[in-house]
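One-letter residues, chain by chain:
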Amino acid sequence: MVFRDVVKVYPLPAGDVVALDGVSFRVDRGEFISVMGPSGSGKSTLLNLMGCLDTPTSGDIYISGTRIGDMSDAELTSLRRDRIGFIFQYFNLFPLLNIIENVTFPMMLKTGKGVDPERGREVLRAVQLDDKLFTHTPTELSGGQQQRVAVARALINNPDILLCDEPTGNLDSKTGAGIMDLMTDLNRKGTTIIMVTHDPNIAEYSKRTIRIADGRIVS
Amino acid sequence: MIFWEIAKRNIRIHLLRSSLAMLGIVIGVVAIASMGILGNSMVLSVSDSLRTVGDSVIVTPHAGGGGGGFGGGGGSSSALVITEQDYQQIKRVSAPNIAIPVLQTTDRLKLGVGKDDLVAMIYGIDPEDMPDFFILESGDYSRSSSGCLVGSTFAKDNNVKVGSRITVGTDGNKGTLRVTGIIEERGMAFDVSTDSAVVATQDWFNNAYSRNDYDKVVIKVKNLDDITAVKEAIEKQMNRRDETVDVMDTRKVMESIFEAFGQITTFVSAIGGISMLVAGVSILNIMMMSVTERIKEIGIMRSIGAQRKEVMSMFLYEAMILGVVGSIIGGILSLLGGYAISSLMLQTTEYLFVPSSLIHIVYGMVFGIVICLICGIYPAWRAANLNPIDALRHE
Ligand SMILES: Nc1ncnc2c1ncn2[C@@H]1O[C@H](COP(=O)(O)OP(=O)(O)O)[C@@H](O)[C@H]1O
Ligand SMILES: [Mg+2]
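The listed protein sequences derive, respectively, from chains A and B.
With positions in the first sequence counted from 1, the corresponding number in our numbering is that position plus 14.
With positions in the second sequence counted from 1, the corresponding number in our numbering is that position plus 2.
To be clear, the hints were calculated from the coordinates, so they are not data collected in a lab.
Being a predicted model, the structure only gives us computed values, none of them experimental.
Accuracy of the hints is not assured; some may be wrong.
What the hints assert, rightly or not - Calculated Cβ distances over 12 angstroms to all of chain B for the following chain A residues:
#1 ASP19
#2 ASP68
#3 SER72
#4 THR80
#5 ASP87
#6 ARG95
#7 PRO109
#8 PRO120
#9 GLU132
#10 ARG139
#11 LEU155
#12 GLY183
#13 ASP186
#14 TYR219
#15 ILE224
#16 ALA227
Stated by the list, open to error - Restricting the straight-line Cα-Cα distance to at most 35 angstroms, the calculated cross-link-like pairs of lysine-lysine (DSBU-like) are:
#17 LYS188(A) - LYS112(B)
#18 LYS93(B) - LYS117(B)
#19 LYS158(B) - LYS218(B)
#20 LYS112(B) - LYS224(B)
#21 LYS222(B) - LYS254(B)
#22 LYS238(B) - LYS158(B)
#23 LYS10(B) - LYS127(A)
#24 LYS117(B) - LYS163(B)
#25 LYS158(B) - LYS127(A)
#26 LYS158(B) - LYS112(B)
#27 LYS222(B) - LYS93(B)
#28 LYS311(B) - LYS127(A)
#29 LYS124(A) - LYS218(B)
#30 LYS146(A) - LYS10(B)
#31 LYS158(B) - LYS224(B)
#32 LYS93(B) - LYS203(A)
#33 LYS146(A) - LYS127(A)
#34 LYS124(A) - LYS10(B)
#35 LYS298(B) - LYS221(A)
#36 LYS146(A) - LYS188(A)
#37 LYS93(B) - LYS311(B)
#38 LYS163(B) - LYS224(B)
#39 LYS298(B) - LYS93(B)
#40 LYS93(B) - LYS10(B)
C-beta atoms are modelled at their ideal positions from N, C-alpha and C, and glycine is treated no differently.
Produce the complete structure using the sequences and hints provided.
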């Protein structure tokens, strides 16, 4: 993945907000990168662009050689579905679906039909979630358990890239460490991971750190 | 599919508000269907009592319109009659269909010594033509010139039987008739309405009222396809120089009556439709709520790969479930309600279980579902076109 002179401006009535101001870097397959910086510095914006949730105001972003600025909304959506996994700070599970359904949801999107729940169970076991919880609803689970479900959901379509926006931000340090062990393990198996955090202890798990301030990379 | 499942569950967890919105649709369907059924039942019951099947051409003297100049003879009612000569011409052009001349007037009747006078319609018809017009429920057609037939309502109301005597005219100055037969109920008709009338012979009528002309001529058309041709032939023959007669084709009249009834039915159904529009507004309202309270969820779906059209389908399913369930309940209630109303108001349900009535339930249901879908489109479109990032940031 390559970023070249990427600028992202949010036009607001009160004046434009320059969230990213000429960012260039590259991420190679299998890397484990943490993105650090103060609040409002543009970390989430950077991650959203990597995740094809938005296109840059100017500059180019290439994912496996394809320029995302040239792709339609439907193509970007398929790309997110098939090749990118998202993990959010607030877990963001679907309250109307049970745990198995939450996990298999992206796979149902991909295949366009029902999915064998066994596939969901496998992935849930891989993130070490207790079998008893599989048919519960998300609100019946603790934060750490919910985040494990979110990780399982992000992994179900075997993505190349895992994007995490402060994945441990809402967890105590012990539970957070459990999630980070899971990530390290995934990275060892070949998944590229880019993780936003402002906790230096969490950034320790990554192999490289990009520091960002006021929409620019500082190191 | 999963979006179908989500739509169902979302309705279930908001059961109260979904039911209330659905209630609107139920009421809308019931309003449209019951108005339609009621209207149609009325049409059917009226058309049943308009027994005339529309097989007649009726010729009357041309009414209204200056033209004339000369009035008729002084005291007699102005000469709005069909002369014997006119009748012969009409008879000739309408052959081989039979042209029956009819005399009619209203006069006082007395049904026995000491009884009160009453006023009724008296027809004068040639006894030979009577079997073409009337079916008798009792007695026989009149053979002697002072015999007469009476309508069934007239007979019932005045306790008249075969053999009863009727004195006609003020102080009986027109003579006395003997009832030889009672005519079966004919309903309202365009040719002659006999239910509350007396039918005397033409000879007697001519004598009593000193007439040698007719009030109208009824042509019974054997082949219904000829009805227009007969009408036109008479018009052509009789109105060549002056408008001397008016020619009415009962089938046309029936058609326009039913057309008018149809329009009334459509109009009242449309009023029912207004309640459906109101229901649509409440569907729109809860669908907007459904979208607004799930903006974050939509953002998550979009970010993990749900296409716009999939998000859209989720909300359309929701609107459709509301519409279909509401319409089905409404349809069932309309059937029950229609049954109750028909049996109470029309004393019969024979007009309910016919396609032309039941179709109104289908109209109501289809309209309900279509309204729900239309009212679901905008919220669904809004949901599908949310910017994923903004939706994700939404709290
Ligand atoms: N969707 C948006 N619309 C408008 N402004 C935004 C939007 N997203 C982010 N911003 C603004 O861009 C800047 C960077 O935001 P963000 O990338 O969320 O920072 P971080 O994640 O580092 O806290 C902030 O000033 C924020 O207010
Ligand atoms: Mg952020």
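Exercise for the section: Return the numbers of the hints above that this structure violates; sort them in rising order. Expected result: Violated hints (numbers, rising): 2, 5, 6, 7, 8, 17, 18, 20, 22, 25, 29, 32, 37, 39 and 40; every other hint is consistent with the structure.
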